[in-house]
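**Q** For reference, the chains in residue letters:
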Amino acid sequence: MAANQTDALTRKVDDYNSETDSDYTSYWRDWFVATRGHEYFCEIDEEYLTDRFNLTGLQAEVQYYQYALDLITDVFDFDCDDDIREQIEKSARHLYGLVHARYIITTRGLQKMLEKYKKFDFGRCPRVFCRAHPLLPIGLSDLPHTKSVKLYCAKCEDVYSPKSSRHASIDGAYFGTSFPHILFQVYPAFIPAKSNERYSPRCFGFKTHAVAALARWQEQKRDEQDRRLAQVGIEVKREDDDEPEGSSEGEEFSR
Amino acid sequence: MEEEESWISSYCNVMGHEYFAEVSEDFIEDDFNLTGLGAVVPRYKEALEMILDVEPEDDSESPGSASESLSDNPNAPAYRRSRDHARTALDYSLIEKSAELLYGLIHQRFITSRQGIQVMYEKYLANHFGFCPRVNCQSARVLPCGYSDTPGNDTVKLFCPSCCDIYVPPHSRFQAVDGAYFGTTFPTLFLMTFPELDISGTGRKDVTASSNLNSSGGRKGANNNTLPPINGVPANNIAPGLGKGKRYEMRIYGFRVNERARSGPRMGWLRDKPQDLEELNEMAQLEAEAAMDSGEEAAEEDEDEEEEEEEEEDQEMTYPDGGPGRRRTAKGAAASAVATASTSEVGNGGDSVR
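Order-wise, the sequence lines are chains D and H. Under the UniProt record's numbering, the first sequence has 252 at position 252, and the numbering climbs by one with no breaks. Under the UniProt record's numbering, the second sequence has 243 at position 243, and the numbering climbs by one with no breaks.
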């Protein structure tokens, strides 16, 4: 279905091509970003794509590099059979992804991704105590074809698998391993307040020893870190400091 | 009528009710299991009759006769038809609502019973509850749970034993299911009932591949490399998805972000676990501390050792409340206590020990 659509689109693009070269922009990219399953992608600026410097080294990575690039920048006019066109289409998607990973850590790209982040375009953290905090896409490897895209939650600083299988098939390298962290370096105002809230499993209201001991150990580590940072003058703000241990226990018994 | 699907199984087959186990009728018919529910559930008697597919009794000869009337009366179909006409649609939907509430609360009790937990165990092995969304849990199976035992507070959540955290179910259809229908106790009790079950995501495939999973309650997989228990739980089942190598580290261009950075890591503790799980054995540590105290007395004449102790005390002083610092140094202190003991036996060989 997608292939037919693109065929139609490229034909349309060709039509446009014969008429005028100036008036349309980002036809292929518009379509690509709007495709179902491509919700995580943002649109790459034409200028960025046409600057060769930004594409350094991608020639070796992508088949039919020049044609793919032409397709992305909507200057594709090359008569070929459907098989080749299909191949070029595939290369174009791959190339777009690889450029995307570079683009989203530029100033413009970060802005665009931040807008998407604010709109919850990447979904919400499944962890209950993150209270549906928005996620950011992340790759676990910068090399293509190794791992699919994952989602990073800035509140719990952990990575999760996307819910939907259509996102699970996107290459993680199209977003890169550094992107969310660069975003928060550039926009520190968006670093969420960390939370001390956590789940303590209970059996008839009582905590179990093994898990509770681990939780105590973890909280000790947390306090150590806070103290370590306080010594160098960094104050760590955490929501819900010192959860009322005793009172929650009382609650359990009153049931 | 016999061909008809029972209320319970049709309820469990509704989309979004995949987590529910079918409560056995024996369990519901035992009045003891329903203690106190009459006060919580409106239209209790009708709701109970609906759950058990019992024909409503008009003259209410005896409220507790559910089991009696269940034992099949031959004129049931005709009777039911007439009753269905008499009952208005509104009544029906109200009772249906009560029945769902009642079933949920019975379900909460059922899945913590011996019989019910076995049913849930089979559902667990059949992956009915789904998997942990956390990447480092490697798709460990999760267990449904509630955050409250009172109905109406919160929806059902999923507990991952591999990271000891709870998650929102992936599909919005589960947002309509009350968490109290599963209760806060179930996941914990489940893990206590099947302590040797491999709860890590990596072991999952092996377990499903082996043929012995349906029979004995999870204890069969036990014979392969189960570590000695710590704090009453096999060491390999204490949060297998946490700890070194299972924590996400933020990196920019391959370099770890320092914790002093404004955007640096602050939540590492949540996914941390001691590499040596013996550190969690607080009892042993207290014993070690006690040994250290007695060792201190023994080493009073040994000046070198005393200096070392002082150093440790200094370290502890840097932590205002002393607690965590003490624990952290407890191991080292225990080691020095051993050293103290050995030196006091050997004599004044403090330097040679070091």
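Hints listed in this document are in silico derivations from the structure and should not be mistaken for laboratory results. A portion of the hints provided could be inaccurate.
Claimed, not checked - Derived lysine-lysine pairs resembling DSS-like cross-links, with alpha carbons at most 25 Å apart:
{"no.": "1", "chain 1": "D", "residue 1": "LYS147", "chain 2": "D", "residue 2": "LYS90"}
{"no.": "2", "chain 1": "D", "residue 1": "LYS207", "chain 2": "D", "residue 2": "LYS163"}
{"no.": "3", "chain 1": "H", "residue 1": "LYS45", "chain 2": "H", "residue 2": "LYS97"}
{"no.": "4", "chain 1": "D", "residue 1": "LYS118", "chain 2": "D", "residue 2": "LYS221"}
{"no.": "5", "chain 1": "D", "residue 1": "LYS118", "chain 2": "D", "residue 2": "LYS194"}
{"no.": "6", "chain 1": "D", "residue 1": "LYS163", "chain 2": "D", "residue 2": "LYS147"}
{"no.": "7", "chain 1": "H", "residue 1": "LYS45", "chain 2": "D", "residue 2": "LYS221"}
{"no.": "8", "chain 1": "D", "residue 1": "LYS147", "chain 2": "H", "residue 2": "LYS246"}
{"no.": "9", "chain 1": "D", "residue 1": "LYS163", "chain 2": "H", "residue 2": "LYS246"}
{"no.": "10", "chain 1": "H", "residue 1": "LYS246", "chain 2": "D", "residue 2": "LYS194"}
{"no.": "11", "chain 1": "D", "residue 1": "LYS116", "chain 2": "D", "residue 2": "LYS221"}
{"no.": "12", "chain 1": "H", "residue 1": "LYS45", "chain 2": "D", "residue 2": "LYS147"}
{"no.": "13", "chain 1": "D", "residue 1": "LYS163", "chain 2": "D", "residue 2": "LYS119"}
{"no.": "14", "chain 1": "D", "residue 1": "LYS119", "chain 2": "D", "residue 2": "LYS194"}
{"no.": "15", "chain 1": "D", "residue 1": "LYS163", "chain 2": "D", "residue 2": "LYS116"}
{"no.": "16", "chain 1": "D", "residue 1": "LYS163", "chain 2": "D", "residue 2": "LYS112"}
{"no.": "17", "chain 1": "D", "residue 1": "LYS90", "chain 2": "D", "residue 2": "LYS119"}
{"no.": "18", "chain 1": "D", "residue 1": "LYS194", "chain 2": "D", "residue 2": "LYS237"}
{"no.": "19", "chain 1": "H", "residue 1": "LYS244", "chain 2": "D", "residue 2": "LYS194"}
{"no.": "20", "chain 1": "D", "residue 1": "LYS221", "chain 2": "D", "residue 2": "LYS237"}
{"no.": "21", "chain 1": "D", "residue 1": "LYS163", "chain 2": "H", "residue 2": "LYS123"}
{"no.": "22", "chain 1": "D", "residue 1": "LYS118", "chain 2": "D", "residue 2": "LYS163"}
{"no.": "23", "chain 1": "H", "residue 1": "LYS123", "chain 2": "D", "residue 2": "LYS221"}
{"no.": "24", "chain 1": "D", "residue 1": "LYS116", "chain 2": "D", "residue 2": "LYS147"}
Said to hold, decoys possible - Quick look at which bits of chain D chain H covers, simulated, 3 or more residues with Cβ under 8 Å:
{"no.": "25", "region": "27-36"}
{"no.": "26", "region": "49-59"}
{"no.": "27", "region": "112-123"}
{"no.": "28", "region": "229-237"}
To be verified - Cβ pair distances, simulated, as ranges:
{"no.": "29", "chain 1": "H", "residue 1": "PHE255", "chain 2": "D", "residue 2": "ASP77", "range": "54 to 60 Å"}
{"no.": "30", "chain 1": "H", "residue 1": "PHE255", "chain 2": "D", "residue 2": "SER200", "range": "32 to 38 Å"}
{"no.": "31", "chain 1": "D", "residue 1": "GLU224", "chain 2": "H", "residue 2": "ASN281", "range": "16 to 22 Å"}
These figures come from a predicted structure and were not determined experimentally. Positions of the beta carbon are idealized from the N, C-alpha and C atoms, including for glycine.
**Q** Confirm or reject each hint.
**A** Now the hints, each set against the structure:
Annotation: proposed proximity of LYS147/D to LYS90/D holds, straight-line Cα distance about 18 Å (limit 25 Å). In summary, the hint linking LYS207/D to LYS163/D is not supported, as the alpha carbons are separated by about 31 Å, beyond the 25 Å threshold. For the hint pairing LYS45/H with LYS97/H, the CA-to-CA distance comes to about 13 Å; that is within 25 Å, so the pair holds. Between LYS118/D and LYS221/D, the direct Cα distance comes to roughly 32 Å. Violation of the 25 Å bound is thereby established for this hinted pair.
Our distance criterion of 25 Å between C-alpha atoms is met by LYS118/D and LYS194/D, whose separation comes to about 18 Å. For the proposed pair LYS163/D and LYS147/D, the alpha carbon gap of about 16 Å is at most 25 Å, so the pair holds. With a C-alpha separation of about 53 Å, the suggested pair LYS45/H and LYS221/D falls outside the 25 Å cut-off, and the hint is violated. For the suggested pair LYS147/D and LYS246/H, the alpha carbons sit about 16 Å apart, so the restraint of at most 25 Å is met.
Pair hint LYS163/D plus LYS246/H holds up; C-alpha atoms about 21 Å apart against a cutoff of 25 Å. As the CA atoms of LYS246/H and LYS194/D are separated by approximately 20 Å, the hinted pair is consistent with the 25 Å bound. Under the criterion of a C-alpha separation no larger than 25 Å, the hint pairing LYS116/D with LYS221/D is inconsistent with the structure, at around 34 Å. For a cut-off of 25 Å, the pair hint linking LYS45/H to LYS147/D is broken: about 56 Å separates their Cα positions.
In summary, the hint linking LYS163/D to LYS119/D is supported, as the alpha carbons are separated by about 18 Å, within the 25 Å threshold. At roughly 21 Å between alpha-carbon atoms, LYS119/D and LYS194/D fall within 25 Å of each other, so this suggested pair holds. Proposed proximity of LYS163/D and LYS116/D is supported: the alpha carbons are some 18 Å apart, at most 25 Å. The straight-line distance between the Cα atoms of LYS163/D and LYS112/D is roughly 23 Å, inside the 25 Å bound, and the hint therefore holds.
Between LYS90/D and LYS119/D the alpha-carbon distance is near 29 Å, which puts this suggested pair outside the 25 Å criterion. Between the alpha carbons of LYS194/D and LYS237/D the distance comes to roughly 7 Å, so the proposed pair stays at or under 25 Å and holds. For the suggested pair LYS244/H and LYS194/D, the alpha carbons sit about 21 Å apart, so the restraint of at most 25 Å is met. About 16 Å separates the Cα atoms of LYS221/D and LYS237/D, which keeps this hinted pair within 25 Å; it holds.
For the proposed pair LYS163/D and LYS123/H, the alpha carbon gap of about 21 Å is at most 25 Å, so the pair holds. Under the criterion of a C-alpha separation no larger than 25 Å, the hint pairing LYS118/D with LYS163/D is consistent with the structure, at around 19 Å. Note on LYS123/H and LYS221/D: the hinted pairing is violated, with a Cα-Cα distance of about 37 Å set against a maximum of 25 Å. Using a Cα cut-off of 25 Å, the hinted pair LYS116/D and LYS147/D holds, with the two alpha carbons roughly 23 Å apart.
Figure legend: the region 27-36 of chain D, annotated as covered by chain H; annotation inconsistent (0 residues with Cβ-Cβ distances under 8 Å, at least 3 required). Beta-carbon proximity to chain H at under 8 Å applies to 0 residues in the region 49-59 of chain D; the threshold of 3 is not reached and the given coverage is violated. Taking a C-beta to C-beta cut-off of 8 Å, the region 112-123 of chain D contributes 0 residues in contact with chain H, too few for the three needed, and the coverage statement is violated. Coverage of the region 229-237 of chain D by chain H holds. Counting CB-CB distances below 8 Å, 4 residues qualify, and the rule asks for three or more.
Checking the proposed 54 to 60 Å range against PHE255/H and ASP77/D shows it is violated: the Cβ atoms sit about 44 Å from each other. At roughly 35 Å, the beta carbons of PHE255/H and SER200/D sit within the given window of 32 to 38 Å. Taken as a hint, the range 16 to 22 Å holds for the pair GLU224/D and ASN281/H, whose Cβ atoms sit roughly 19 Å apart.
Checked against the numbered hints above, the structure violates hints 2, 4, 7, 11, 12, 17, 23, 25, 26, 27, 29; every other hint is satisfied.
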